[in-house]
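Given the structure of chain U, go ahead and fit chains W and A onto it with the hints provided.
Chains as they are written, first to last, in the working numbering: chain U, 131 to 603; chain W, 131 to 603; chain A, 131 to 603.
No lab work stands behind these hints: they were computed from the structure. It cannot be assumed that every hint is accurate.
When the alpha-carbon atoms are kept at most 27 angstroms apart in a straight line, the in silico DSSO-like pairs for lysine-lysine are as follows [unchecked claim]:
1) A:LYS150 with U:LYS150
2) A:LYS473 with W:LYS217
3) A:LYS322 with A:LYS312
4) U:LYS322 with U:LYS597
5) A:LYS134 with U:LYS150
6) W:LYS473 with W:LYS217
7) U:LYS373 with U:LYS597
8) A:LYS134 with A:LYS158
9) U:LYS134 with W:LYS158
10) W:LYS373 with W:LYS597
11) U:LYS134 with W:LYS150
12) W:LYS217 with W:LYS228
13) A:LYS473 with W:LYS215
14) W:LYS134 with W:LYS312
15) W:LYS373 with W:LYS322
16) U:LYS473 with A:LYS217
17) W:LYS134 with A:LYS158
18) A:LYS473 with A:LYS158
19) W:LYS228 with W:LYS134
20) A:LYS473 with U:LYS473
21) W:LYS150 with A:LYS150
22) U:LYS150 with W:LYS373
23) W:LYS473 with U:LYS215
24) W:LYS373 with W:LYS601
25) W:LYS134 with A:LYS150
26) A:LYS134 with U:LYS158
27) A:LYS228 with A:LYS215
28) A:LYS158 with A:LYS601
29) U:LYS217 with W:LYS473
30) A:LYS134 with A:LYS228
These numbers come from a predicted model, not from an experiment.
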Amino acid sequence: MSRKLVLREDRFFDPDPRTKEIAMYLYKQVANLPIVSPHGHVDPRMFADPDYSFGSPAELLIIPDHYVFRMLYSQGIRLEELGIKRKDGAPVESDHRKIWQRFAENFHLFRGTPTYIWLEQELHDVFGVDEVPDRENAQEIFDRIQQCLETPDYRPRRLFERFNIEVLCTTDPATSTLEYHKAIMESGWQGKILPTFRPDDVIHIDAPGWRESIDLLGERSGIDITNYRSFVRALEERRSFFKSMGARATDMATVSAHTEVLSDREADDILQRALHGTASEEDAARFTAHMVVENARMSIDDGLVMQWHVGSYRNHNALLFERFGPDMGADIPVVTEFTRSLKPLLDRFGNDRRLTLILFTLDESTYARELAPLAGHYPALFLGPPWWFHDSLNGMRRYFDQVMETAGLYNTVGFNDDTRAFPSIPARHDVWRRTSSNWLGGLVVCGVIGLEDAEEMATEMAYSLPKRAYKLI
Amino acid sequence: MSRKLVLREDRFFDPDPRTKEIAMYLYKQVANLPIVSPHGHVDPRMFADPDYSFGSPAELLIIPDHYVFRMLYSQGIRLEELGIKRKDGAPVESDHRKIWQRFAENFHLFRGTPTYIWLEQELHDVFGVDEVPDRENAQEIFDRIQQCLETPDYRPRRLFERFNIEVLCTTDPATSTLEYHKAIMESGWQGKILPTFRPDDVIHIDAPGWRESIDLLGERSGIDITNYRSFVRALEERRSFFKSMGARATDMATVSAHTEVLSDREADDILQRALHGTASEEDAARFTAHMVVENARMSIDDGLVMQWHVGSYRNHNALLFERFGPDMGADIPVVTEFTRSLKPLLDRFGNDRRLTLILFTLDESTYARELAPLAGHYPALFLGPPWWFHDSLNGMRRYFDQVMETAGLYNTVGFNDDTRAFPSIPARHDVWRRTSSNWLGGLVVCGVIGLEDAEEMATEMAYSLPKRAYKLI
Amino acid sequence: MSRKLVLREDRFFDPDPRTKEIAMYLYKQVANLPIVSPHGHVDPRMFADPDYSFGSPAELLIIPDHYVFRMLYSQGIRLEELGIKRKDGAPVESDHRKIWQRFAENFHLFRGTPTYIWLEQELHDVFGVDEVPDRENAQEIFDRIQQCLETPDYRPRRLFERFNIEVLCTTDPATSTLEYHKAIMESGWQGKILPTFRPDDVIHIDAPGWRESIDLLGERSGIDITNYRSFVRALEERRSFFKSMGARATDMATVSAHTEVLSDREADDILQRALHGTASEEDAARFTAHMVVENARMSIDDGLVMQWHVGSYRNHNALLFERFGPDMGADIPVVTEFTRSLKPLLDRFGNDRRLTLILFTLDESTYARELAPLAGHYPALFLGPPWWFHDSLNGMRRYFDQVMETAGLYNTVGFNDDTRAFPSIPARHDVWRRTSSNWLGGLVVCGVIGLEDAEEMATEMAYSLPKRAYKLI
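Here chain U stands alone, though its shape is the one from the complex (with noise of 0.2 angstroms):
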């Protein structure tokens, strides 16, 4: 007999009676706030187009969503079976009702883990189901999921708007078009989705295709990159372009937190053995710490607020990159050292209130020992909710538990749900505001703040602080 979702009403809280009842208490404040996702992947393609469809449900749920074919990948399923395009087009499982009896049959695999979590909530309350998936029952709930894409209640546009969500911040790279964008805003739907700005492809020399997106930020932007200068330049003239669009942020993601002020010549001189194709590691290690640094004087220039999510190894396993490219679940985190590596930018920049530099990481033995210090101390510096595999009840109890004290809240921006998965966000944001409500609730109970602070900061946390950070006020 299959088993049923259960969903408990006070699920996450603790099970003390008296935090659990403050607990509750709060996160019924903040639970139909609307959604405030201020950074995420979500393919902004998708509310272009009114009568877009999500296919099947193993292409909304398994194919595309890399943290649930990684655990099936990791208990020997492979990723052909799971229908996953491979580079040399070699043929992959095409019957999606395989793929979704496969995950089915695997459920148990995500026992405890935050996919479970997300997906349990998804499953019952954006597709009605009432059951964890098994063997037994894996086709009923694929015909169910089938059912209701089909019908116009689950195109993207309904979905937003159920799902309350205020404002929907995509992340694009430098080149972008933002056709998408353009679409949205040209068709007259209301909804607010809005652009930021990704320069990776284009700040790390030695990213792979970096020199045909050059040509492309050079074509974009009508500004011919010959030299550094015009290569900030092409970059100055995208951020505005993207601010037009309505982005409040840009993002940037490195391997290490080093930071390093080069003078214009030595910008330069690095961009043109790039440019002829004869630059070091070093050399990409250097400008990349330098154009961290060039992003934050931008910042300061054009307002946009700064992202940075600093500490994971790209494309860790060779084989599967080889095979089937990025983004298949083998990005893993490093080591991050912050307080040295960040003293070239804070001593530039970190004093100036103009600038809001939001800082993530993967590493979190750096937040009560660097980043909350740093974020605590630093007028610029704001540092981000618990991210990707963090991204998760401990996670979180984690990140309250180590940062705040420090940090003070202030000093965080409340939460991000980061997904490329749209239909997940509701599920994403509950947690948090779960999480958080039973984080100031046990506060209350051991009498170190009052209830009427947590009333507050828990408004603060779900809704206010991200509005305010990200200027979506």
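Coordinates of chains W and A only, in the frame set by chain U:
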């Protein structure tokens, strides 16, 4: 007046009544399952001789247990006073009643430590002691244990049966004749004591006595080790012998997680230098890093599970090492890096499901940052239980908290007791079964998993995971 | 309407009724024990003058407290607006009522931080304030505190007695005349204020003003410092003087835990270069690493306890350092390594029970990995309490969780308040006594220790451990 040993039936469970109730319910289902002990350091000799005796209480519980005497030593009691043998043969305390008295008088030093917990249960359940050792009752408890040890019921084989151990794996050097395992097999006794192949003495070319170990390896394998090729053949021969004697796994220990693939030529060059006594420190590090990968290759060939313990700086205390030798409680953990270090190995074999690589760390900061993401992705990689200092109530809690959400339960392998202290085995497994039941109970109460899932998971953690991972089925 | 300060009698205890009951029971036994403050930064001058006044509320609670103003600064309030003196003498806010108003209006920034907890108790218990500072009540609270400060009851000596402080150790440069300590001794007042020898200014050859400090050291010791030998003699002379003035301990602070034994010749070569202004950065690092070991050697000779604070990157904010000087809330922790770094020191003196070396870290990842195993083994090594940013509810919980199982309680030394803010001392010790009672209560409820053991341990933690470790008996 002496204090009573407490050993409450509900010990180590959360005080919340509902959590405790479910934890207890789960615990009762696993408490009496047979013990699977896939990794440890019990001396097989004690099972080869049906009349083997443990000696005095001090010989059983103090002299061989560096967990115990290192704590006494840290508070100023000299090892000589505890009867630890000196390498120079200088006299040490030989009155075991005096040693026991010192131990009992300082028993308060163990308050709140896992050693206390294990000793408490061992004293009570194995020897029927019901008081906390102290100055007054020391000799009385000594008598009680001594009397037990003199009876046939306290022969190792009888305890093995009483402890309900289904299988116990020892750890044996690559050059071992496995004579005791052979004697056990031939004795007709049914206890399952399996060897584990540990080549540390021969693959670390900077290990003390390496040359002698190589000679012995040559002798035991019947292969004259003159170059890298014959070295590898000799190892393969020994693995094959171990396998024929029932071994399911290998084990190795390194300070760093560095892996590297040398060409046969490079490997041979280093080995030649080692054989001529001219190898450098760098040679040793590279050769070890290479042999880790080579070990994985052999495991794919012969199916032996590969265990790898990383990050212990052995014999940190120079004075004690010189005076008493190794294993004096001075093996201290060091920072460990896995993400970059394992890449050469994982690039070769990480996707190969024929390999089962079980990793152990002493650096808990790698749990959530590196190991859980790696184990939650690579098909060949599994994460071993909390090791050494972390084999404790809080160590287990931190492991559950930091590993499970990302790795998923099914990429872990249950528990290892890892002990030389045979009579402590039931207590150690009991702590694991209690803490894992408590962890699962907490997940049920918080609505993360359902009760039926928790029941399955509890059995996996106590019994099935290690059996499958170590191919003990 | 302003909010009331709460200060519940049962604050900071776990909500579980049974845990709370036992925690409260334990707390009541230690709450009123005399305060032993073996390490801190209170200015001895305030006890030398019986009529010393703290000045205005802003001078007492804001201007000298970088915990307070760094948080306000992080949210965009300039230090000048808070009355912090600039080095260039440029005008800063001098209206203390305005400073206080800014502080009160931003009091919400401290929610959930230890600063809030200390201030809350200080305002309530010391000054009889019963409202949370805010925009409306700011001036009223200012008046209240100002009135208190003007009465004789608020002279430091009277507060010292009211706070029930048994002994308070200050921290004093090696070159100090200890004139205030002398004045206190000669005044006939019975308060026990002991100096601590801190040679940082003279052993870090790269410290600002090092040459002047060396000249002063020569002057104060009456020894002409021309080489390493006379340098050591001068230090020994000063230690002897401090000891004669009641000192029980020394203290030093370094960024790294590196230790190294230089030959006298090497040490002299470096010192000569330093005296001639030609020492390199490496010279400075090696000389410091050597002087740590030398410091341990001196402690063995003269019996002074050795404290060592590792891992703070001082004055990280270049702009603030230039404009305002040190101690502006910009000392940021860095990653620290102990296992390998301490080996040269421990090889020399780690087994020598005449040495008491108390280590402090800001890198919590070293608690369970390195420091607890080291302190749980080496007779000379003890672990200091959670320091700086970790001197908080969660910081203490993490310390208990990660240290105690491996180090054992008796290799720790109780609590340090480490504060310059004299009136916050009772609040800080109260937080420690509450959290340690709660930790012990949790152990009792979970069946890890018995209640009688917990009672002894509570007294050790609140009172006896520091007295023994710092030889204050």
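Outcome of the hint check:
1. A:LYS150 with U:LYS150: holds (17 angstroms)
2. A:LYS473 with W:LYS217: Distance of about 22 angstroms is within 27 angstroms: holds.
3. A:LYS322 with A:LYS312: holds (12 angstroms)
4. U:LYS322 with U:LYS597: Cα-Cα ~13 angstroms, so holds.
5. A:LYS134 with U:LYS150: Distance of about 24 angstroms is within 27 angstroms: holds.
6. W:LYS473 with W:LYS217: Distance of about 42 angstroms is beyond 27 angstroms: violated.
7. U:LYS373 with U:LYS597: Given pair LYS373 of chain U, LYS597 of chain U holds - Cα atoms ~17 angstroms apart, limit 27 angstroms.
8. A:LYS134 with A:LYS158: holds (25 angstroms)
9. U:LYS134 with W:LYS158: holds (25 angstroms)
10. W:LYS373 with W:LYS597: Between LYS373 of chain W and LYS597 of chain W the Cα gap is close to 17 angstroms, so the pair holds against 27 angstroms.
11. U:LYS134 with W:LYS150: Holds. LYS134 of chain U to LYS150 of chain W sits at ~24 angstroms (cutoff 27 angstroms).
12. W:LYS217 with W:LYS228: Given pair LYS217 of chain W, LYS228 of chain W holds - Cα atoms ~22 angstroms apart, limit 27 angstroms.
13. A:LYS473 with W:LYS215: holds (24 angstroms)
14. W:LYS134 with W:LYS312: Not satisfied, since the Cα-Cα distance of roughly 43 angstroms exceeds 27 angstroms.
15. W:LYS373 with W:LYS322: Measuring from Cα to Cα gives roughly 14 angstroms; hence the hint holds.
16. U:LYS473 with A:LYS217: Given pair LYS473 of chain U, LYS217 of chain A holds - Cα atoms ~22 angstroms apart, limit 27 angstroms.
17. W:LYS134 with A:LYS158: holds (25 angstroms)
18. A:LYS473 with A:LYS158: violated (42 angstroms)
19. W:LYS228 with W:LYS134: holds (23 angstroms)
20. A:LYS473 with U:LYS473: Judged against 27 angstroms, a Cα distance of about 30 angstroms means the pair is violated.
21. W:LYS150 with A:LYS150: Holds: LYS150 of chain W and LYS150 of chain A sit about 17 angstroms apart, inside 27 angstroms.
22. U:LYS150 with W:LYS373: violated (55 angstroms)
23. W:LYS473 with U:LYS215: holds (24 angstroms)
24. W:LYS373 with W:LYS601: Roughly 12 angstroms between the alpha carbons, so the hint for LYS373 of chain W and LYS601 of chain W holds.
25. W:LYS134 with A:LYS150: holds (24 angstroms)
26. A:LYS134 with U:LYS158: Cα-Cα ~25 angstroms, so holds.
27. A:LYS228 with A:LYS215: Answer holds: LYS228 of chain A to LYS215 of chain A is near 15 angstroms, not above 27 angstroms.
28. A:LYS158 with A:LYS601: holds (26 angstroms)
29. U:LYS217 with W:LYS473: This hinted pair holds, its Cα atoms lying about 22 angstroms apart.
30. A:LYS134 with A:LYS228: Roughly 23 angstroms between the alpha carbons, so the hint for LYS134 of chain A and LYS228 of chain A holds.
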